[in-house]
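With the hints as extra help, turn the sequences into a complete structure.
Protein chains: 4
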Amino acid sequence: MIAVVKMGTPKKQIDNLISWISSQGVMVHLSEGEYQTVLGLIGDTSKIDVDLLEGLEIIDSVKRISEPFKSANRKFHPDDTVVDVGGVKIGGGNFALIAGPCSVETEAQIIEVSRRVKEAGASLLRGGAFKPRTSPYDFQGLKAEGIELLSEAKRETGMPIVTEIMDVNHLPLFENVDMIQVGARNMQNFELLKELGRTKKPILLKRGLANTLKEFLMSAEYIMAGGNEQVVLCERGIRTFETYTRNTLDLSAVPMLHELTHLPVVVDPSHACGIARMVKPLALAAAAVGADGLMIEVHNDPMHALCDGAQSLTPEQFADVSARVKGVLAAVHQ
Amino acid sequence: MIAVVKMGTPKKQIDNLISWISSQGVMVHLSEGEYQTVLGLIGDTSKIDVDLLEGLEIIDSVKRISEPFKSANRKFHPDDTVVDVGGVKIGGGNFALIAGPCSVETEAQIIEVSRRVKEAGASLLRGGAFKPRTSPYDFQGLKAEGIELLSEAKRETGMPIVTEIMDVNHLPLFENVDMIQVGARNMQNFELLKELGRTKKPILLKRGLANTLKEFLMSAEYIMAGGNEQVVLCERGIRTFETYTRNTLDLSAVPMLHELTHLPVVVDPSHACGIARMVKPLALAAAAVGADGLMIEVHNDPMHALCDGAQSLTPEQFADVSARVKGVLAAVHQ
Amino acid sequence: MIAVVKMGTPKKQIDNLISWISSQGVMVHLSEGEYQTVLGLIGDTSKIDVDLLEGLEIIDSVKRISEPFKSANRKFHPDDTVVDVGGVKIGGGNFALIAGPCSVETEAQIIEVSRRVKEAGASLLRGGAFKPRTSPYDFQGLKAEGIELLSEAKRETGMPIVTEIMDVNHLPLFENVDMIQVGARNMQNFELLKELGRTKKPILLKRGLANTLKEFLMSAEYIMAGGNEQVVLCERGIRTFETYTRNTLDLSAVPMLHELTHLPVVVDPSHACGIARMVKPLALAAAAVGADGLMIEVHNDPMHALCDGAQSLTPEQFADVSARVKGVLAAVHQ
Amino acid sequence: MIAVVKMGTPKKQIDNLISWISSQGVMVHLSEGEYQTVLGLIGDTSKIDVDLLEGLEIIDSVKRISEPFKSANRKFHPDDTVVDVGGVKIGGGNFALIAGPCSVETEAQIIEVSRRVKEAGASLLRGGAFKPRTSPYDFQGLKAEGIELLSEAKRETGMPIVTEIMDVNHLPLFENVDMIQVGARNMQNFELLKELGRTKKPILLKRGLANTLKEFLMSAEYIMAGGNEQVVLCERGIRTFETYTRNTLDLSAVPMLHELTHLPVVVDPSHACGIARMVKPLALAAAAVGADGLMIEVHNDPMHALCDGAQSLTPEQFADVSARVKGVLAAVHQ
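Heads up: the protein sequence lines correspond to chains A, B, C and D, in order. First residue of the first sequence: 1, per this note's numbering; consecutive thereafter. First residue of the second sequence: 1, per this note's numbering; consecutive thereafter. First residue of the third sequence: 1, per this note's numbering; consecutive thereafter. First residue of the fourth sequence: 1, per this note's numbering; consecutive thereafter.
In case anyone wonders, no lab produced these hints; they're calculated from the structure. Mixed in with the good hints, there may be bad ones.
Treat identical chains as interchangeable: a pair holds within one or across any two.
[Stated by the list, open to error] Cross-link-like lysine-lysine pairs, in silico, DSS-like; alpha carbons within 25 Å at most:
1. 70 - 200
2. 194 - 131
3. 63 - 75
4. 75 - 12
5. 118 - 154
As structure tokens, then:
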């Protein structure tokens, strides 16, 4: 860690600071220049509170040199992590197609969709049972009954299931769930992350709407620090000033995350019930940019079909995307 | 609600859509122009899922005309809400100074600070017991013991106390707490908000780092929909591209929130352990812009004092800010 | 255009507003509801100043229904525009590779690079002569001499050339330039755009760092309104909160722009001298998402080579990207 | 400047880099740690291109320690700059009220408004002659005639005048203008800034909509590097995700700029034709936070008055704001 001291700081104050830092068991290397004095902090600087240091009157700025994430850091774990979700592998060259409806609605719906997406090449079934909604007056999901219906679909088709958790107290309901999703709005719900770190379930962690990659990795670190290293990262679009699209899919996050971490990275081009006609080009781009998988919304219900198109893909459209994605993957890796 | 239909949409599809909307109990008023067709949805449109409508192939855009928040909306409740926190009033002309340390550390610290801030004009004592930290390796607060120490300070000084909750399961520990704070990162932790809606405690709801005022009010609505109308909103800085300041205090939010809602609005110029030397000008500006209160970090511990200044104010600096704030309030309201 | 009137507005004021709008030659359709009154403005609403209308005390919000861009709008020009740059076509199925160094430095450099990129499949040569730099103390480019050297390279290799303009007064120097680039920071330099609208040269318009797609298209409209319809749009990354990457390439802009406009869209994955090792995955993703071309920085100079890699690609790396891009395009369009 | 070398970089490459940096006349101090090697660059590092350095394969990150702005930097010029605009002082304790209409429309209008704002305490007259508009179809201002009318008002009332320039070629028209404004969208129009640096006129430089304070100061530096040190900075709102307000006024920029630079800082609470009813609270807050002046839109025309309120203040409202601002300034500085 490097701390730049403000010009004109009395020597006595600098000495006080150095002896305080040293008392925390961290060595300090002092280098004095004409316009500034720089302190190099050497050793286990994780004990040093950057916010506190930066807030001191005499400090101009502080820069962490080593990343604050350890378990998720590729520097210390060069090989790709492969996450196993009920026999389906993600990462390290294994590409996974996760598909299913936005919300679980009825038994007929979820079983029909799971059959269709499996035929079209999906390996994992997704479906929302607990739904995070901006408004308390909007439909909040079928909850426990939704998970029951997903389990039914799993028994029918053999596909492992992925669904979102919103409260640690619901954890007992997730026993039969193969992969637990943490939604974008809960990415920094640290108590939930800690609890998931104590489970043995693979976790699908979605990036927050306005979070940096470092914050994203620190949230993965919360889960891993508890002993659960089965974490898959999911880019699902960030908030920008653009209004034509709901969010902006950040595909540059994929190669950057691959540099920073050994964890698999999947992409959700449907981004929180987005625009169906943009799912295909964004799915192809995600495959081309190096994602380890895709998470795509697929529906089969008449209400959506009514107006000939909606926010999710039909099973037919999904089959087309699935086939094209294979072509792009082959062109990229040939 | 107004929905604009895409140019060239076949009449049959528009008719299908209209009959589907009508079947939800909402009237549709159709107006056809040369370049577009506009549907006016009249009645209780809260049943209509805007995301679903917007996602339809044939829809160009959708605009909600009435605000999605009801209980928090000033249109339906023109008078200012006054929140009573253990006898201290906030809102409707009552200005509250909330002060105390970032983290509760020791009994001596919290009692000393509470005495000093009370003398200087503070009416409520704040202090962190559960601390949300980006890194799992950072200090997470004294937790239950921290709340115990706050209660001790309350007994000594008679000041009502405010502290943050991070998990619904901790609620039993908050029995003696007068006002429960929801932190910025939990602003959309909907399960937590619902549970707090079932309590009778005043809630201090902080705005998320990248959330709009509408989302902020929808989170207040989650609490109010449960029956708890004692909500105070807190602007604490938003994320922008600026790097010299940690966050950007959005003071224009104060008059805008006063237009939109009857709930009190306080401002936290220390913004999550920010820069001490900027607290005073921002506190004065918050008073001038019409805030119903301020939440300010004050410390007295030697570690901070060591380098002559840190992220929190000293009791002496706080007393100066408190006096100046009074002057500004008088100048504004005279 | 739709204007929502605030609840409780006296009828007289609404009548005054309607007669004022009518006096501008725009018809008003009034619809009154329980909670709000909505005015539908019909006719040539381009005469109405949205900012003015929105600023009125009695107006709640205003929504433009028809897009404010006309010449660039796909609704009125359904067919793809094909821009011809010295015989090289862009758009309408024609994919263009634009390559060359960040800055033109010497005759040897630019001729060597242009030969190498032509061999590898590039059809247009780029190179910076006038360089927009954040600091007045940084190198500002070779200016007129740089354009001279580009022309020399064009004579040698036959490749049409693209270079950036920063001041309308430099226009006479661009006579031999085939395509004039407008940089991101000048996207809303309206006087420059107007002047370029009076030329007959193809324009490569880069998206501003924090501009929406609507603003981007309005800037294209400035050029087209002057009579020059040869505009190619270039997505080059937007500003987000992320700090690991300089900017965030917005690939979802490509399919969205293709919906909104008939103009060709190219992507610059090197984004203003970015990170070389991310150029390849982002270039492949841009091809997969449907871009009409790529603009890539390529260097050959020893200073860059010194440390085995730098922000631009080497000619060898560019040749690899070029070959892979062909593979992806084939997989997408087969 | 500090450059962190990537872990595992061969010694030979580090040596190559050091000798290249040394050849630029900058000394390198090498410090090797267990996990990383850090290079300290000492001397005139303004010659080093941070972008180039950061782009090198072997470099992890680069941090500039000294600010890239020199002339604008308070470190080298501790005393406040006082800018004199036709006898009216701004900065160093001199508070200036700049007022006038958004656009100059007629002689009667500008003379009437200038008389009224002068009576109410304004010391400088503003008015738009050249108007930057997002759409080429919107009114672009009276141009030369507008400047003529402003000059007329100046002759009548004796108030110095401020108006915006959009093109260096218009400079001859500004001979009688006392202070030249650079708009937010031209903040990084570097050719314009350079040309203004060669004039002797005071410049009012507005902050770009999505620009950092460092970029803002670098743009001031462009003007000052040319020899013109009469620069006043103007905060006018930045782009955020909020939609209820057009932009978000960043009042924390004022104390931060006062730390970083000796140049005066004024605030424009009307932010590019904003919401009239928010001008007063934001003006008071700007005075409280330490601004050196305010720039406020005032109108007197019947078209605005028609609907009883609009985006600008009436002369009466302005007089009220002016009086209250005096009260707040007294309370803050007493």
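For each hint, the structure was consulted:
1. 70 - 200: Only inside one copy: residue 70 and residue 200 sit 20 Å apart there, 42 Å across copies, limit 25 Å.
2. 194 - 131: both (21 Å within a copy, 14 Å between copies)
3. 63 - 75: both (19 Å within a copy, 21 Å between copies)
4. 75 - 12: between (38 Å within a copy, 21 Å between copies)
5. 118 - 154: within (11 Å within a copy, 54 Å between copies)
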